[in-house]
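Novice: Single-letter residue listing:
2 protein chains.
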Amino acid sequence: MDKKKKNLFEARARILKAMAHPSRLFIVDTLAGQERCVQELAGMLEVDVSTVSRHLSVLKNAGLVKDEKDGTKVFYRLSVPCVLNFFSCVESVLETRAREQADLVGKR
Amino acid sequence: MDKKKKNLFEARARILKAMAHPSRLFIVDTLAGQERCVQELAGMLEVDVSTVSRHLSVLKNAGLVKDEKDGTKVFYRLSVPCVLNFFSCVESVLETRAREQADLVGKR
DNA sequence: TGGCTATTTGGCTATATTGCAAAATACATA
DNA sequence: TATGTATTTTGCAATATAGCCAAATAGCCA
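If you're matching them up, the sequences are chains A and B in order. Position one of the first sequence corresponds to residue 2 (the numbering used here), numbered consecutively onward. Position one of the second sequence corresponds to residue 2 (the numbering used here), numbered consecutively onward.
Think of the hints as simulated: they come from the structure by calculation, not from any bench. One thing to keep in mind: the hints can contain errors.
For identical chains, the list gives no copy identity; a pair is met inside one copy or between any two copies.
Below, a list of computed lysine-lysine pairs in the DSSO-like style, where the Cα atoms sit at most 30 Å apart [stated by the list, open to error]:
#1 K7 with K74
#2 K70 with K4
#3 K74 with K61
#4 K70 with K5
#5 K61 with K4
#6 K5 with K18
#7 K4 with K74
#8 K7 with K70
#9 K7 with K18
#10 K6 with K74
#11 K6 with K61
#12 K61 with K18
Throw the hints in and build the complete structure from the sequences for me.
Specialist: Rendered as structure tokens:
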């Protein structure tokens, strides 16, 4: 594997990693509907505001969300709608796995 | 956020996390073409066989690949082709970010 | 059985991630 | 300016992840 290819997969992995956390995935899903400020998201997630702020900076660094100031508040919105397509595929993975495990139990 | 919803996002995140590593992303991409055994992948990635074996077990646990024995070898194949669609979206994130950073430099 | 190959697992260290609390920063407005 | 609100950053502790080496396991065949 040459260095260029390696760099490419590292860059790709960084994007996925940014989404690979329950709270951040929730944030992506939520921002798909409408933009939200930090405290709104913190309220929904029931975690500290500082924690949400960090999650948002991870998503922003990855290029997945954009922020816009409005007074003292900062509103975040999803900048790459295609990531929403991930959900249906992930769902199918979960369903397939659930079905196979049910089969295993059934076959016993 | 109720517990059920929380569990759902945790399950989803586990799937994404399984792919969110350069080597594992490379493996997914490679297995899309054809099935491969552990040492083949280790050769391509230039990492220890034991490390690849671990990566494969992560992918298998997530339900993303399946394994089949053939003598002493174990061949892995992709079990959820839809994950390949992730690549084009991830690519667009990378491109958008690159373009925006180029704009920033240009505007200075 | 004994030797060979392929894979997995255990042990270990190094590094990264997560979360909260506290401090710092930014903005609006009395 | 002083106060209040919203957000970000810093410091720290707990946990998770990644990688290698060595040891264990599994299958094949002389």
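Novice: Each hint needs a verdict: does it hold in this structure or not?
Specialist: Structure-based check of all given hints:
no., hint, verdict
1, K7 with K74, "between (39 Å within a copy, 26 Å between copies)"
2, K70 with K4, "neither (39 Å within a copy, 32 Å between copies)"
3, K74 with K61, "within (16 Å within a copy, 43 Å between copies)"
4, K70 with K5, "neither (37 Å within a copy, 33 Å between copies)"
5, K61 with K4, "both (26 Å within a copy, 27 Å between copies)"
6, K5 with K18, "both (20 Å within a copy, 23 Å between copies)"
7, K4 with K74, "between (42 Å within a copy, 29 Å between copies)"
8, K7 with K70, "between (37 Å within a copy, 29 Å between copies)"
9, K7 with K18, "both (16 Å within a copy, 19 Å between copies)"
10, K6 with K74, "between (40 Å within a copy, 27 Å between copies)"
11, K6 with K61, "both (24 Å within a copy, 24 Å between copies)"
12, K61 with K18, "both (13 Å within a copy, 18 Å between copies)"
Checked against the numbered hints given earlier, this structure breaks hints 2 and 4; the rest are met.
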